[in-house]
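Peer 1: Given next are the chains, with one letter for each unit.
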Amino acid sequence: MDQSRIRNFSIIAHIDHGKSTLADRILELTDAVSEREMREQVLDTMELERERGITIKAQAVRVPWKGHELNLIDTPGHVDFTYEVSRALQACEGALLVVDAAQGIEAQTLANAYLAIENGLEIVPVVNKIDLPAADPDGTAIEVADLLGDDPARVLRISAKTGESVADVLDAIVERVPAPSGDSDAPARALVFDSSYDQYRGVLAFVRVVDGSFSTREALRTMATDTRFDAEELGFFSPTMTPVEQLSAGEVGYVVTGLKDVSRLRVGDTLTSVRRPAAKPLPGYKDVKPMVFAGLFPTDSDDYPELRDALERLKLNDAALFYEPETSQALGFGFRCGFLGLLHMEIVRERLEREFDLDLLVTAPNVAYRVQERSDGEWLEVHNPAEFPREVEEVEEPYVAASIIVPKEHVGAVMELNNERRGTFGKLEYLSPERVHLTYELPLAEIVLDYYDQLKSRTRGYASFDYDVAGFRPGELVRVDVLVAGEPVDALSLIIHRGFAYDRGRLLVDKLREEIPRQMFDVPIQAAIGSRVIARETVKAKRKDVLAKCYGGDITRKRKLLEKQKAGKKRMKQVGAVEVPQEAFLAVLNIGQGQRS
Amino acid sequence: MNGARHLYVHLPFCAHRCGYCDFVTATGRDHLHGAYVDALLRELHEEHDGSAVETIFLGGGTPTYTALPELLRLLHALPPAREFTVEANPETVTPKLAFELRASGVNRVSLGAQTFQPRLLRMLERRATPGDVERAISRLRDAGFDNLSLDLIYGIPGQTPADLAVDLGQAVALGPDHISAYELEAKPGTRFTIAHGAELDRQAEQMEDYFERVVVTLTAAGYRWYETANFCRDGKRAAHNLGYWLGRDYLGIGVGAVSTLADERRRNTPKLMRYLEGQYDREVELLDDETRARERLMLGLRLDEPLPLEGLRPALDLAGVMRAERLGLAVDAGETLALTRRGRFLGGAVTAEIVA
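Just so you know, the protein sequences line up as chains L and E, in that order.
When we follow the working numbering, the leftmost residue of the first sequence carries the number 1, and every step to the right adds one.
When we follow the working numbering, the leftmost residue of the second sequence carries the number 1001, and every step to the right adds one.
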């Protein structure tokens, strides 16, 4: 199609502000799909897909509207995928900024809106849910207009739920969003903005053609990773897969690559033709690295092969997921996994537990550290506290640029929290007379624990939060080891700011003393930095462990108790001579994840 | 016919059911004593050929609460035994009962004293007074008994370490040949546990100290700590119970009674009326060699004598034995395995350590 009649757009919205309802309504209104089909096909959940053997999710849907071809490009819905979101936005010329009329702008929306503006997108502001009793369409429209420097009159007011004014949204897309302006005759270039893996067809690339055109069966290559393959099929989603012979400049669609490994086709890479390659790739490609790491162990060690298979399968569809085998004396065999951020970790964990039915034990998450052991030595990247050298010359830790939106009466609470978390104040601005936008630089390590929960509880749930990784900075960090009867417990080692080490060491030792059952001998529990003990407790030996009575009538019951006790011992984790129930580690890991001193 | 040399007879009748008790008992059924003895004798006849046994133990319930003519009818029908024990509540021991028991071949009486503190007796809902115990002992001695045992319970709600010291002193002063000292086992769900939950938890924390005091006090008074909870003088161990601890076969008759015979353990119905009808409704558990070996280990390690290991090696976790030895809890002498003094205090944990 003629580029002038193409419009490519995304929807930017906070969770629950109505993005998927609006998308569904658009599909309905453009007759792309009937109401019944919609429920079956569009509102897909990953589980549903799996049940039906469909593993391809439409990341971009083409719909017709008044002689135009509109491509709605989906963006990953959460904070850890800022880079992926930025690539999806790069594939568009415009974006709908959807804001809940009752909730107003949230931090995540703001971050993505800025991202869209930086990418030069035309923003079409939409206030949704105007049918709600608590809706304040005018107030929200002013807030949105202020943010964009736009006229409140140009902010659309709709209800995706009732369908009110959704047609106006489509009209506004045609009127306000610019048409693509690539060079149809130049060597072909397409941006890979997402990818997906299907067990029958291999890796599917979602692309936005910028220049030139691509044909079926053409030999293609990616410019950053130099992966080569033939385009087995080209097409678009409407929303079912619709094959075409050619994808041309301005169009959005898919390429069936036949590749078996999603990591060979990275989001943000540029696709070109082998026969007539482009001279320069499209800008903006980044090799995204995991920043948050945690050990994942099966609760039942027999489930290790299942965990390995599950990770392998998730990795097919998630190029950002990193994992390598890890052995912990306390927790057995598992994997050290790397994630883009906390939410990514939560998603992976949830999918492993829900889709693969695994019971997991997750160690306290830590960030990636850069470590120099000697002043003239090499810099190492460390992902596991157990591998962190006990003596270091210098350490660097990742920082994030955090953005927080909160009602003004909670600003003090947020500042207090950020100070506790070693934050550096950036700026404060009023979005409206009531709502304030704060920026901070914070060590990533300080937010991977319970920052979000704390933020929510200290602002009674009103704060919204977003962050982007801002690079490594030097830090006063030490490794704290926990020793049980003189043996370090690898799973409980942690890297922490020197100022917090004593309190945290004390907390771990106290908790462990509560959790470790008394043994037949005294068990010292210590927290140490290197060889220096910073906290110590003792689990006193028990002096009696025998059942008082045993006669003819209760031999069976006593024997069963003994057998249970023996079986319980076998389930215990052995730290040196000390038997520690797995629950003890769990409880201690929970304080690592849940609360601070 | 079977090879059991130990016979247990259960008499469930009581004047009153004590709150902490979880044995099979019957109250308010006094008109059934005769019918019950009939049923016992029927079962005995079915299970035993009348030949002499090593030991008989009449337990309950309160065996001495049974109407005397019926009790005597039972005693006379039982086979001859080297040790013949009857359990008695102190307040039931009249001079006549003492005399009749002795005349019927009973040569050992086990008295449920439990404690000598009136307020703790009330807590346990025991009807005897401290004076009853003393009187019972002298009546039994007068009747010619030279083998008397006292039962004590510790860890009673409201009990202090001083109370326990007094109990132990009183018990020793009465000069019984044998003392059993048990911690109060509060079974979940009994009305006692429900009523005294918090205090029982507090007592449970004291049990370590109490157990140590019991062992130290009684051994200092010349008693031999021959089993975890049992003490004796002059070699007067409880031969019947020793049968259990040595893993021997035993025949139990009566309502709710348990027998272990070769490769089978069985339990009679706990329902009195069913039992009276001769409906035993036996619950049967099959015991393979390995299970019996494990039981012999579990039971044998409760005793102060080294346990002969012949036939028990397969039931041992050798690494566990070595760990227990390293910790100074057990001594593996090749032929035998014994627990050290500290090992006996931790007997349950050590057994779990060394059993395969």
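Calculated from the structure, these hints are not laboratory results.
Every residue, glycine too, gets a C-beta built ideally from N, C-alpha and C.
There could be a bad hint or two in this list.
From chain E, some residues computed to sit far from chain L (all C-beta separations above 12 Å) [claimed, not checked]:
| # | residue |
| --- | --- |
| 1 | 1019 |
| 2 | 1045 |
| 3 | 1049 |
| 4 | 1073 |
| 5 | 1122 |
| 6 | 1132 |
| 7 | 1165 |
| 8 | 1219 |
| 9 | 1227 |
| 10 | 1305 |
| 11 | 1335 |
| 12 | 1339 |
| 13 | 1346 |
| 14 | 1352 |
| 15 | 1353 |
Here are the simulated EDC-like cross-link-like pairs (lysine to aspartate or glutamate), alpha carbons at most 20 Å apart as the crow flies [unchecked claim]:
| # | chain 1 | residue 1 | chain 2 | residue 2 |
| --- | --- | --- | --- | --- |
| 16 | L | 564 | E | 1212 |
| 17 | L | 566 | E | 1317 |
| 18 | L | 289 | L | 306 |
| 19 | L | 558 | L | 537 |
| 20 | L | 566 | E | 1290 |
| 21 | L | 558 | E | 1185 |
| 22 | L | 544 | E | 1285 |
| 23 | L | 549 | E | 1317 |
| 24 | L | 66 | L | 31 |
| 25 | L | 542 | E | 1285 |
| 26 | L | 558 | E | 1046 |
| 27 | L | 560 | E | 1201 |
| 28 | L | 260 | L | 183 |
| 29 | L | 289 | L | 226 |
| 30 | L | 549 | E | 1212 |
Peer 1: Broken hints, numbered, in rising order?
Peer 2: 9, 12, 13, 14, 15, 16, 18, 19, 22, 23, 25, 26, 27, 28
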